[in-house]
Amino acid sequence: MSDIVKKDDGGLLEFLHSANFKDLPRPFAVDIFLFETYVAGTSYIDDMELIEPMLNIDDKLVFYREPNNPYDENAIRIETIKGDKIGYVPKKDNPVFSRLMDAGKNLYGMIDKKEKLDNWIKIDIKIYLYEG
1 MSDIVKKDDG
11 GLLEFLHSAN
21 FKDLPRPFAV
31 DIFLFETYVA
41 GTSYIDDMEL
51 IEPMLNIDDK
61 LVFYREPNNP
71 YDENAIRIET
81 IKGDKIGYVP
91 KKDNPVFSRL
101 MDAGKNLYGM
111 IDKKEKLDNW
121 IKIDIKIYLY
131 EG
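In the UniProt record's numbering, the protein residues as written are 1 to 132.
A few of these clues could be false.
[As the list claims (entries may be wrong)] No more than 20 Å apart at the CA atoms, straight line, and that leaves these computed lysine-lysine pairs for PhoX-like:
hint, residue 1, residue 2
1, 126, 60
2, 114, 60
3, 85, 126
4, 60, 105
5, 105, 122
6, 82, 126
7, 85, 114
8, 126, 116
9, 85, 60
10, 85, 122
11, 91, 122
12, 85, 113
13, 60, 82
14, 116, 85
15, 126, 114
16, 126, 91
17, 105, 116
18, 92, 122
19, 113, 60
20, 126, 92
21, 122, 60
I should point out that these hints are in silico values taken from the structure, not numbers from a laboratory. All values derive from a computational prediction rather than experimental measurement.
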């Protein structure tokens, strides 16, 4: 019996820990719609008139927490995929979303509508939770 040796040729366990596995779509990965709101602070963004023409309906927006923001401890900065800051989730809407992000949840936005009103660019967004 002592001459029995278990051979481990990698197999499933090795595949699950490989870089290739991390890039595969997950069978139960879901984007969960949470809320509709707008981007706050667009009139304070430098070069917004240059960024606005590149913003399209259904563009994905990246959310970043700013817990040390001097104006709002629940601040969530909104950027384009290219890294251009376009504003924030409104203060009135961000307490629950900031807690979700602080707990490690992946939230993002999608542009639903945009409209130029005098010197203000109104960008309506939908907030999603990625569960994957």
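Verification of the hints:
1. 126 <-> 60: Judged against 20 Å, a Cα distance of about 10 Å means the pair holds.
2. 114 <-> 60: Roughly 14 Å between the alpha carbons, so the hint for residue 114 and residue 60 holds.
3. 85 <-> 126: Satisfied, since the Cα-Cα distance of roughly 17 Å is no more than 20 Å.
4. 60 <-> 105: holds, 17 Å
5. 105 <-> 122: Given that 20 Å is the threshold and the Cα spacing comes to 27 Å, the pair is violated.
6. 82 <-> 126: Between residue 82 and residue 126 the Cα gap is close to 19 Å, so the pair holds against 20 Å.
7. 85 <-> 114: holds, 16 Å
8. 126 <-> 116: holds, 18 Å
9. 85 <-> 60: holds, 13 Å
10. 85 <-> 122: OK: residue 85 and residue 122 at ~15 Å, within 20 Å.
11. 91 <-> 122: holds, 16 Å
12. 85 <-> 113: holds, 17 Å
13. 60 <-> 82: Judged against 20 Å, a Cα distance of about 10 Å means the pair holds.
14. 116 <-> 85: holds, 17 Å
15. 126 <-> 114: Satisfied, since the Cα-Cα distance of roughly 12 Å is no more than 20 Å.
16. 126 <-> 91: holds, 16 Å
17. 105 <-> 116: Outside the cut-off at roughly 32 Å; violated.
18. 92 <-> 122: holds, 17 Å
19. 113 <-> 60: holds, 12 Å
20. 126 <-> 92: It holds: about 15 Å lies between the C-alpha atoms, which stays within 20 Å.
21. 122 <-> 60: holds, 16 Å
In terms of the numbered hints stated before, the structure departs from hints 5 and 17, listed from lowest to highest.
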